[in-house]
Amino acid sequence: MGCEDMKDLLALEAGGDAQPDERIAVESHIAVCPECARELTDYRQLRAALAELREGAVPSRTFERIRGQVGSAMKFTIVQRSTASWFVRAAAVLVVGVSVGFSSASIYRQVTQLRPAVEAEDGVADQDLEMEKGASNVSGRPYRTAAGARGFGIISPPSVLDPLRGGFTFRIDRTPEAKVNDSSKDGVYYLPRVESFPDPHEVDF
Amino acid sequence: MPDPAEVDLIQRCQKGHEGAFRELMERYQRRTYWIAHNMLNNYDLAQDISQEAFIRVFRNLRNFDVKKNFYTWLYQIVVNLCIDHLRKMSHGRTVDLDEVGGLPDDEKRNPHEESGRAELRGRVQKTLDRLPPKYKAVIMLRDIQGFSCEEISEIVGCTNATTRWRLHRARKLFKALWTGKRVEAARDDDGDADLLQ
Ligand SMILES: [Zn+2]
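If you read the sequences in order, they're chains A and B.
The first sequence runs contiguously to residue 221 in the numbering used here.
The second sequence runs contiguously to residue 213 in the numbering used here.
Just so you know, the hints here were simulated from the structure itself, not pulled from any lab data.
Honestly, I wouldn't trust all of these hints.
No more than 25 Å apart at the CA atoms, straight line, and that leaves these computed lysine-lysine pairs for DSS-like [claimed, not checked]:
| id | chain 1 | residue 1 | chain 2 | residue 2 |
| --- | --- | --- | --- | --- |
| 1 | B | Lys197 | B | Lys142 |
| 2 | A | Lys91 | B | Lys142 |
| 3 | B | Lys31 | B | Lys84 |
| 4 | A | Lys23 | B | Lys84 |
| 5 | B | Lys31 | A | Lys23 |
Covered, in the sense of this in silico footprint (three residues per stretch, anywhere, with C-beta under 8 Å from a C-beta of chain B), are these stretches of chain A [said to hold, decoys possible]:
| id | segment |
| --- | --- |
| 6 | 51 to 63 |
| 7 | 97 to 109 |
Beta carbons: idealized from backbone N, C-alpha and C, even for Gly.
The following block holds chain A by itself, in its conformation from the complex (with noise of 0.2 Å):
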C-alpha cells in the first residue's frame, strides 16, 4: 500500500477508528515511511486541539435561564393540552345538550298531544309532572309516559370523553380557578389550573 492509499486510513487511525486489519496496514506502512508517521502524529495534534473545545466557560446563570424557559413552555404545553380537551368536553356536553332538548321536546310534543286523553281518563292535568319524568330519563334508563308513549334519553358517560385527554400531565388541578365565561345562563365555565408545576418566577426552574 503506497502513501496515497493510505492519506485516508491516517485520518482515521489518529483517533482510534479504523479497524483491525487497517491498522495494522499503518502500523507497518508508517514504520518504514517518515513522512506518513508524520502526518499521523500531525492528525493527532489535531485531534488534541479539537478536544479543547469541549467545555469551557458559559455566561452566568445560563442553564438556569434553559430551566426557566423550558419550564415556561412545558407550562403553557400542559395549559394547552387540558384547554384542548376543555374544548372537547364542552363540545360533548353541547351535543348532549342538545340532544336532550331535543329528545324533552318530543316527549312535550307527546305529551302535550296525549293530554286530552289523559285527562279524559285521570281527570288530572299532569303535563308537568309528565315532562319532568321524561327528563330524568337521561341517564338511558327507558320512560313511559301516563298515556304510554316510550322514549330513551341518551347521554354519553362522562368517563367515554376521558383517553380525549392529552396523555402527558403534569397532576393537573381541575380546582375551578380562571373564570372564562359566566354570560350563559347554562352554566359557568373554568379553564383547569396548574397547581403541582412550579412557577419559573417563584421556584429555580
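Chain A is already provided as a structure; the job is to place chain B with the ligand on it using the hints.
Showing chain B with the ligand alone in chain A's frame:
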C-alpha cells in the same frame, strides 16, 4: 443498553412527575449546550437551541421507547436543529472558494506558536466553522465530544460506514484548512458543499 436508573427516570417523566424532567435536564443540559455551541459558535444560539431541544423532548417524551438510548435521541434533536440553523444561515449563498480555501493570512501560523489556550480554542473553532454542517457534526461528536462511531451513527442517523467515511473526510478537510492548504468545493447529494483536497 440504557442504564436502568435512567430508564426509571424517563418513565417517571412519562408519568408526569414534575421533578423528574428537571433532573433529566440537569443531567444533560451541559453536554447539550456544548454540542450546540461547538456547532454554532455562539452563546445565545447555543442557549436557544438547548431550550428548543428540551421543549421538543418534553412534547414527544411520551412516545419515546425507553429501550432506546435517550441521550442519542436528545443529541440527534440538538444536532439536527443546529444543522437546520446553519443551512438557513447559508441559504442562497454560494460557496466561495476563496473563503473555504484556507485560513486568512493572519491565521496562517504554526499551531505550536500559539501561546494561550483561549487563542488555540478560537482558532480551532474558526477552522471548524469552515466545514460543511454534516462533516462538522461528525468530527465534533467524535473528536470534541468523544462519542464512539456507533453512537454517532445513531445521533446522525446513518450507517457506521457512512460515519467513518464522513469522519475521515472531515479530519482531512480540517487538517487542510488548518494548515492553509487550498481546497476545492464540490456539491454532494445533500446539497452541502463537500470540500475536496
Ligand atoms: Zn507513506
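A quick look at each hint next to the structure:
no.: 1; hint: Lys197(B) <-> Lys142(B); in the structure: 15 Å, holds
no.: 2; hint: Lys91(A) <-> Lys142(B); in the structure: 38 Å, violated
no.: 3; hint: Lys31(B) <-> Lys84(B); in the structure: 18 Å, holds
no.: 4; hint: Lys23(A) <-> Lys84(B); in the structure: 36 Å, violated
no.: 5; hint: Lys31(B) <-> Lys23(A); in the structure: 52 Å, violated
no.: 6; hint: 51 to 63; in the structure: holds (count 5)
no.: 7; hint: 97 to 109; in the structure: violated (count 0)
In terms of the numbered hints stated before, the structure departs from hints 2, 4, 5, 7, listed from lowest to highest.
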